[in-house]
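Start from the sequences and build out the full structure, keeping to the hints where you can.
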Amino acid sequence: MKKPGLTFYKSAAVVLILIFVGLQISSPDIENQPVTSEIAVPANVKKILERACYDCHSNEAKVEWFDKIAPASFVVAHDVNEARSRFNFSEWDRNPAGVQELLLWEMVNAIEQGKMPLKRYQLAHPGGKVSESELAVLKKYVNTLPGRHKVDTSRIVAQTSVNHKASSQKTPVSLNGIPYSSDYKNWKIISVTDKLDGGSMRIVYGNDIMVKAIEKRELPFPDGARIVKVVWGKQAEDNDGNVLPGNFQNAQFMIKDSKKYSATEGWGFAKFDGLDLKPAGKTILFEQTCANCHRLLAPENDFVFNIPTK
Amino acid sequence: MKSTISLYIIVLALLMLSCDERNTATLAPEYLYNAGDQKVIKSIINNKKGTIAMLYGNDLALETAHDSLSKPNIGAHYTLVTWKQKPMPQWYGTNMNGEIYSIEHLKIVQRNETRFAFDYDFQTGKAYQPSDDRPEKQQRIEFITSQQAAVFP
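Top line first, the protein sequences correspond to chains A and B. Position one of the first sequence corresponds to residue 1 (this note's numbering), numbered consecutively onward. Position one of the second sequence corresponds to residue 1 (this note's numbering), numbered consecutively onward.
Don't take every hint at face value.
Straight-line Cα separation of at most 30 angstroms, DSS-like style, residue types lysine-lysine; simulated pairs [said to hold, decoys possible]:
#1 K39(B) x K188(A)
#2 K48(B) x K140(A)
#3 K188(A) x K48(B)
#4 K39(B) x K278(A)
#5 K39(B) x K107(B)
#6 K216(A) x K39(B)
#7 K115(A) x K282(A)
#8 K86(B) x K150(A)
#9 K140(A) x K84(B)
#10 K86(B) x K188(A)
#11 K107(B) x K185(A)
#12 K47(A) x K62(A)
#13 K84(B) x K212(A)
#14 K48(B) x K310(A)
#15 K188(A) x K216(A)
#16 K39(B) x K310(A)
#17 K86(B) x K212(A)
#18 K216(A) x K86(B)
#19 K185(A) x K216(A)
#20 K150(A) x K48(B)
#21 K84(B) x K310(A)
#22 K84(B) x K185(A)
#23 K39(B) x K170(A)
#24 K49(B) x K139(A)
#25 K310(A) x K86(B)
#26 K115(A) x K86(B)
#27 K107(B) x K137(B)
#28 K188(A) x K126(B)
#29 K47(A) x K140(A)
#30 K49(B) x K150(A)
#31 K140(A) x K86(B)
#32 K188(A) x K84(B)
#33 K49(B) x K310(A)
#34 K212(A) x K39(B)
#35 K260(A) x K170(A)
#36 K170(A) x K282(A)
#37 K126(B) x K212(A)
#38 K49(B) x K140(A)
If you're looking for bench data, these hints aren't it; they were derived computationally from the structure. In this text, all values refer to a predicted model and were calculated from it rather than measured experimentally.
Here it is as structure tokens:
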């Protein structure tokens with residue numbers, strides 16, 4: 001066989017250089033939009049966020065020279081755009097107060113599980129790591145947020161007003177087509193929880209397929225598995241330390257169908273708010289918000305948080 | 001030399017593959033409790049004791065819990081399952097049920113034509129320690145029968 005000659009290597013090098021130069025020309029720029037409403041947190045917390053998170057999750061990205069070289073620049077631009085779409089510390093007020101708190105708890109969890117900052121970001125930016133003591137600072141901070149010790153002191157309302165009930169006889173349907181159903185009241189309980197962030201207590205039901213899968217230690221869960229989580233506020237603790245459910249807040253559904261819901265890790269998500277069971281979310285994008293957090297933090301559990309595990 | 005390099009490449013590729021392999025959680029069906037046909041009355045958290053509990057009941061118990069009748073329904077049957085709390089592995093900020101601590105059954109039975117009696121039974125679970133105090137029977141009967149049902153849509 002004839003060995004490739006010098007001309008072959010020369011032309012290969014020219015082609016590679018051309019590709020490289022071409023990539024630089026089409027390389028995306030990271031633009032910093034104005035800071036409109038920056039997050040207000042204590043200085044020690046801010047310092048950690050600025051160092052480890054702001055490069056992607058803010059409009060104050062400090063882009064290094066090596067971040068601008070293609071093909072790396074494409075990865076950087078993708079990560080920054082994705083990060084800003086999840087939450088942006090420079091446009092923090094775009095999130096309602098309750099969502100702001102939930103995002104802060106989610107951040108602590110993402111850092112604790114080593115999911116954030118991204119490994120590839122840490123490789124290129126050695127200062128991007130969050131140390132154990134810094135994580136402790138963040139944990140301490142989220143525990144001071146207003147929702148952490150929220151007590152439901154309002155009178156417990158047992159049903160919607162008669163007028164409302166008459167007008168809401170129709171079955172509520174989530175934007176992605178999942179209807180509310182009270183079948184879960186005949187299912188088994190798979191877990192009971194006390195959610196400290198936001199202050200609520202929950203009972204989680206599983207249908208027969210779900211319960212059998214847990215009994216057989218079958219993961220991922222089979223199609224047809226269904227989970228319903230019923231959420232209440234928490235009443236003030238009594239003298240013996242008991243905390244009882246207050247008002248009904250919402251019911252959250254997860255339905256496994258690996259084909260139908262392939263875009264959200266095989267699970268269909270729905271949430272129905274208040275006693276009149278108003279489907280949550282303004283657009284169908286709501287299900288991506290659910291899936292994003294489940295995907296990030298619970299992949300080991302087939303994306304379900306509320307299952308009994310060792 | 002060449003074989004060493006290819007060996008390195010194979011080992012490296014295997015390492016990368018194994019890093020990509022997702023860890024799978026170990027399910028713990030022993031934390032489940034089968035309450036049979038009984039329905040949910042409510043859940044109860046106790047942070048002083050570090051426990052979380054589910055109160056179940058048959059239709060008669062549920063009726064009492066809904067209407068807060070002053071007199072217990074004869075034939076009512078309650079089950080109070082108490083677990084030790086544990087932090088949720090995937091979410092810092094939530095506590096959930098771990099090992100079962102105790103199972104309490106309470107039946108309201110007819111003693112004679114005018115009177116009823118309480119048939120109370122306390123069973124220990126895996127998380128119960130022999131040195132733990134047994135609950136006071138009369139207090140538990142009052143606690144269980146006085147519970148209002150949680151509001152459902």
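Is K140(A) close enough to K84(B), meaning Cα to Cα at most 30 angstroms? At roughly 24 angstroms apart (the allowed maximum being 30 angstroms), K84(B) and K140(A) satisfy the hint.
Going straight from one Cα to the other, do K188(A) and K126(B) come out at no more than 30 angstroms? holds (21 angstroms)
Between K107(B) and K185(A), is the straight-line Cα distance small enough, at 30 angstroms or below? holds (22 angstroms)
Are K49(B) and K140(A) close enough, with their CA atoms no more than 30 angstroms apart? holds (23 angstroms)
Mind checking the alpha carbons of K86(B) and K150(A) for me, to see if they're no more than 30 angstroms apart? holds (21 angstroms)
Would the pair K39(B) and K310(A) pass a check requiring their Cα atoms to be no farther apart than 30 angstroms? holds (27 angstroms)
Is the straight-line distance between the alpha-carbon of K212(A) and that of K39(B) 30 angstroms or less? Holds. K212(A) to K39(B) sits at ~19 angstroms (cutoff 30 angstroms).
Within a Cα-Cα threshold of 30 angstroms, do K107(B) and K137(B) meet the stated pairing? Answer holds: K107(B) to K137(B) is near 13 angstroms, not above 30 angstroms.
Pairwise hint evaluation, K39(B) against K216(A), where the allowed Cα distance is 30 angstroms at most: Holds: K216(A) and K39(B) sit about 24 angstroms apart, inside 30 angstroms.
Between K84(B) and K212(A), does the CA-CA distance stay at or below 30 angstroms? This hinted pair holds, its Cα atoms lying about 23 angstroms apart.
Taken at face value, is the distance from the CA of K310(A) to the CA of K49(B) at most 30 angstroms? holds (21 angstroms)
If you draw a straight line from the CA of K86(B) to the CA of K188(A), is it 30 angstroms or shorter? Roughly 20 angstroms separates the two Cα atoms, so the pair holds.
The structure fails none of the hints (numbered hints given earlier).
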